[in-house]
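**Student:** If you want the building blocks of each chain, they are given just below.
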Amino acid sequence: MDKEIFREARKQYFKNFKVLFIIVAVLLAAFIVLLGKDIFQPKQRVRSNTQAPTQRVYDQAGTLTEEEIARLEELIAVEQDIGKADIVLLITNQEMGVSDYEWTHAMMNCADDFYDNGKFGYDKPYGDGSLILYNWYEDENGSQKGVWLSTSGKMERIIGSYEEDDVLDELERYLLNGDPVRGYSAAISRLSYWGHTSEEKTQIPGLFGFLTATLIAGIYAISNLKTPKAQVTTNAATFVHDHAAVMNAEQDNFIRKSVATAVISNNSSGGGSSRGGGSYGSHRSSGGHSHGGGGRRH
Amino acid sequence: MFFKCKNCEGNMVYSPEKKEMFCPYCDSLKSHVRSDQGKDVLTICPNCSGEITVGEYDASGRCPYCDTYLIYNSRVEGEYLPKKIIPFKLGKEACKKAIRDRFGRQKFAPVDFLTEVKLDTIEGEYVPFWFYDYKTRCEFRAEGTKVRSWVNGNTRYTETSYYDIERNMDIPFENLPVDASIKMPDEVMDMMEPYNYAELEDFQPEYLSGFLSERYNMPSEELEQRASEKMNQAALGMLKSSYAGYARVEVKKQEITPMSKSTSYGMLPVWKYNYTYQGKPYPFYVNGQTGKIVGECPLSKKKVWVYSGSLWVLLMLAFALINGILRFL
Numbered sequence: 000m001d002k003e004i005f006r007e008a009r010k011q012y013f014k015n016f017k018v019l020f021i022i023v024a025v026l027l028a029a030f031i032v033l034l035g036k037d038i039f040q041p042k043q044r045v046r047s048n049t050q051a052p053t054q055r056v057y058d059q060a061g062t063l064t065e066e067e068i069a070r071l072e073e074l075i076a077v078e079q080d081i082g083k084a085d086i087v088l089l090i091t092n093q094e095m096g097v098s099d100y101e102w103t104h105a106m107m108n109c110a111d112d113f114y115d116n117g118k119f120g121y122d123k124p125y126g127d128g129s130l131i132l133y134n135w136y137e138d139e140n141g142s143q144k145g146v147w148l149s150t151s152g153k154m155e156r157i158i159g160s161y162e163e164d165d166v167l168d169e170l171e172r173y174l175l176n177g178d179p180v181r182g183y184s185a186a187i188s189r190l191s192y193w194g195h196t197s198e199e200k201t202q203i204p205g206l207f208g209f210l211t212a213t214l215i216a217g218i219y220a221i222s223n224l225k226t227p228k229a230q231v232t233t234n235a236a237t238f239v240h241d242h243a244a245v246m247n248a249e250q251d252n253f254i255r256k257s258v259a260t261a262v263i264s265n266n267s268s269g270g271g272s273s274r275g276g277g278s279y280g281s282h283r284s285s286g287g288h289s290h291g292g293g294g295r296r297h
Numbered sequence: 000m001f002f003k004c005k006n007c008e009g010n011m012v013y014s015p016e017k018k019e020m021f022c023p024y025c026d027s028l029k030s031h032v033r034s035d036q037g038k039d040v041l042t043i044c045p046n047c048s049g050e051i052t053v054g055e056y057d058a059s060g061r062c063p064y065c066d067t068y069l070i071y072n073s074r075v076e077g078e079y080l081p082k083k084i085i086p087f088k089l090g091k092e093a094c095k096k097a098i099r100d101r102f103g104r105q106k107f108a109p110v111d112f113l114t115e116v117k118l119d120t121i122e123g124e125y126v127p128f129w130f131y132d133y134k135t136r137c138e139f140r141a142e143g144t145k146v147r148s149w150v151n152g153n154t155r156y157t158e159t160s161y162y163d164i165e166r167n168m169d170i171p172f173e174n175l176p177v178d179a180s181i182k183m184p185d186e187v188m189d190m191m192e193p194y195n196y197a198e199l200e201d202f203q204p205e206y207l208s209g210f211l212s213e214r215y216n217m218p219s220e221e222l223e224q225r226a227s228e229k230m231n232q233a234a235l236g237m238l239k240s241s242y243a244g245y246a247r248v249e250v251k252k253q254e255i256t257p258m259s260k261s262t263s264y265g266m267l268p269v270w271k272y273n274y275t276y277q278g279k280p281y282p283f284y285v286n287g288q289t290g291k292i293v294g295e296c297p298l299s300k301k302k303v304w305v306y307s308g309s310l311w312v313l314l315m316l317a318f319a320l321i322n323g324i325l326r327f328l
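First to last, the sequence lines map onto chains F and H. Residue 26 in numbering that gives the first Met the number 0 is what sits at position 27 of the first sequence, and the numbering runs on without skipping anything. Residue 68 in numbering that gives the first Met the number 0 is what sits at position 69 of the second sequence, and the numbering runs on without skipping anything.
None of these hints come from the bench; they were simulated from the model. The structure presented is a predicted model; accordingly, all values stated were derived computationally and were not measured. All residues carry an ideal CB built from backbone N, CA and C; glycine is no exception. Each statement offered as a hint is correct.
A short, non-exhaustive set of chain H residues, derived as facing chain F with CB atoms under 8 Å:
(1) Y162
(2) I164
(3) N167
(4) L314
(5) G323
Using 30 Å as the maximum straight-line C-alpha spacing, the simulated DSS-like pairs for lysine-lysine come out as follows:
(6) K95/H to K10/F
(7) K228/F to K95/H
(8) K2/F to K302/H
(9) K300/H to K10/F
(10) K10/F to K271/H
(11) K96/H to K17/F
(12) K91/H to K228/F
(13) K228/F to K300/H
(14) K2/F to K271/H
(15) K300/H to K225/F
(16) K14/F to K300/H
(17) K17/H to K117/H
(18) K96/H to K14/F
(19) K291/H to K271/H
(20) K279/H to K225/F
(21) K291/H to K10/F
(22) K228/F to K302/H
(23) K10/F to K96/H
(24) K228/F to K271/H
(25) K14/F to K301/H
(26) K301/H to K17/F
(27) K228/F to K291/H
(28) K17/F to K106/H
(29) K228/F to K88/H
(30) K14/F to K302/H
(31) K239/H to K228/F
(32) K96/H to K228/F
(33) K256/F to K251/H
(34) K14/F to K271/H
(35) K10/F to K106/H
Quick look at which bits of chain H chain F covers, simulated, 3 or more residues with Cβ under 8 Å:
(36) 94 to 107
(37) 168 to 175
(38) 237 to 247
(39) 285 to 298
(40) 301 to 309
Taking the hints into account, I'd like the entire structure generated from these sequences.
**Tutor:** In C-alpha cells form, the structure reads like this:
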C-alpha cells in the first residue's frame with residue numbers, strides 16, 4: 000500500500016510540474032550546447048577596422064612631451080580594447096571663433112572631421128569610438144580654450160548628457176588644476192568605462208530572481224490553499240408550486256415627500272514645472288557620418 | 000426481501016445508468032424476481048443464512064457474507080411505506096467522475112484522496128425525508144422611502160418620497176423537504192437541495208436494491224418546526240423581492256400564516272464518500288440526482304511545502320540557466 004501511495008505521489012508530482020520540468024530541461028540543454036561551443040570556439044570581439052592609423056594622440060599644439068605622448072598612446076591602446084571603441088586625443092592651438100556660436104561649430108566640425116578623415120572606429124571606419132578635442136588657443140580678444148567630445152557608432156548611443164558630463168568633469172578636474180595629461184588620462188578611462196558597460200551582457204539580477212521565485216511560489220501556495228465549497232442553490236421560490244404565488248393586494252401609495260439641499264464647494268488646485276537641458280545631441284558631420292557629443296568652453 | 004435474477008440466480012440491483020433492474024453477474028435486464036424468503040427474521044440473511052447486524056433505522060443493507068442487497072420488509076411497509084422516491088440518476092462511476100472533476104485541481108489534496116481504491120468505497124444511500132405542503136398567506140404593511148438625488152449649479156438636491164406599502168400574498172409551498180435522518184447533518188442536507196421534484200416517482204422496493212437506506216427516524220410532527228422555519232424564510236424572501244425598489248422599509252405589520260398543511264414521506268438519493276485523513280473524517284455527500292457535491296477537501300501540509308518548495312527551486316534554476324545562456328549570446 001505504501002509503495003502504491005509513493006508511486007501515486009510521484010505520478011502526481013511529475014504531472015504537476017511537467018511543463019516546468021520541460022522548460023528547465025530545454026534551458027539546460029541550450030546552456031550545455033552554448034557552453035560546449037564557447038569552450039571549443041571562444042567568441043571574443045577584436046578590433047576589426049584596419050583602415051584607421053594606429054596613432055591615437057595628435058598634439059598639434061605641441062603641449063606634450065614625447066614621453067607623455069607615449070604614455071597616453073599606451074593607455075589608449077589598453078582602454079580602447081576594454082571599451083571596444085576607438086579613443087582619439089586631438090590637441091590643437093587654433094582659432095575657433097570669438098562668439099560661442101562660432102566656437103561651438105568650429106570645435107564640433109574640427110572634431111567630427113578629424114575622426115572621419117582618420118576613418119577611426121573600432122569595428123569599422125567611422126564606427127564605434129570617440130574623440131577628445133582640446134584647443135589651447137588664446138589671443139588678445141580672449142580665450143578660445145575648451146574641450147569637445149565627439150562620439151560615433153555605439154558611443155554616440157551610450158554617451159548621453161550624464162555620461163558626457165562625467166567624462167568632461169574628470170578631464171576638467173585635473174586640466175584646470177594644471178595637470179592636462181592626467182585630465183586626458185582620466186577622460187580616456189571614463190570613455191573606456193562607458194564603452195565597456197555596453198559590452199556587458201544583460202542578466203537577470205540575483206535579487207530580482209530570488210524575489211520573483213519567492214513571490215510566485217507564495218502566490219501558488221496561497222491560491223491553492225483555498226478549497227471549493229458548495230454554494231446554496233435554492234432561493235425563496237424554489238419550493239413554490241409552479242412558482243405560482245398569488246398577489247391578492249399590492250399597493251404602493253405615495254404619502255409625502257421632502258427635499259434637502261446642500262451647496263457643493265469646488266476646490267481645485269494645480270501646478271507644475273518643467274526642466275530641460277542636455278548636450279549638443281546627434282548631428283551629421285561634413286562627411287555625412289553621424290556623431291554625438293558636446294563640449295565646454297574654458 | 001431481495002431480488003434474484005431469473006437467469007443466473009444472482010442478486011439484481013437497480014442501475015441508475017440503465018434505469019432498470021440489472022444483473023451484474025449475467026448482464027440481464029428486468030429479469031428480477033422478488034424473494035420474500037425469511038422475511039420475518041431481520042437478522043438472518045435470506046440468501047446465505049448468515050447472521051447480519053441491522054441498524055435501528057436501516058431499511059435496506061448489504062449482507063457482509065454474500066454481498067446480497069437486502070430490503071427489510073417491515074421497514075418499507077405499513078407506516079414506513081414511503082409515498083414517493085427519486086431513484087438514483089447518477090451512477091457510481093458518474094459520481095466518482097463528478098468528485099474527480101470537482102477536486103482534481105486541488106493540488107494540495109492528499110495523495111490518495113482521488114485514487115480508485117478510495118473512491119470505490121463510495122456508497123449510495125436513500126435518505127428519508129418528510130415533505131411538507133403549505134398554503135401560506137402573507138400580510139404585510141410598511142412605510143417605504145425612495146431617494147432621488149441630482150445637482151443643479153452648485154447645489155445638490157436630495158428628494159425623499161414616502162410610500163405606504165401593502166402586500167397580501169398567497170404562496171403554495173410544495174414538497175418542502177426536511178430530512179428525517181439523525182445521522183445525516185441537517186446543514187449538509189439543506190445544502191444538497193434542490194432536487195428536481197418533477198422526477199418524484201411512486202415508491203417501489205426495487206429502487207432500494209443496490210443501495211443502503213433508512214426509514215424515517217422521527218415522525219413528521221417532530222420536524223415541523225424546521226419545516227415551518229424554512230417556509231417562513233422562503234415566504235419572507237418572496238415578500239422582500241416584491242418591494243425591492245425601496246431604499247429603506249419600516250415594517251408595520253408582517254404576518255405569515257399557514258392556512259393549510261399536509262405531509263408525505265419519501266426518500267431521496269445521496270452518494271456518500273467517507274474519506275479519513277490523519278484520523279479526521281472528511282465526509283462528502285453527492286446529490287444522487289443532480290450531482291451537487293457538499294464536502295470540504297482536506298489539505299496535505301507536506302504537499303504544500305514540497306510543491307511550493309519545488310516550484311521555487313525550479314524557478315531559481317530557470318533564472319540561473321537563463322543568465323548562463325545570456326552570457327554566451
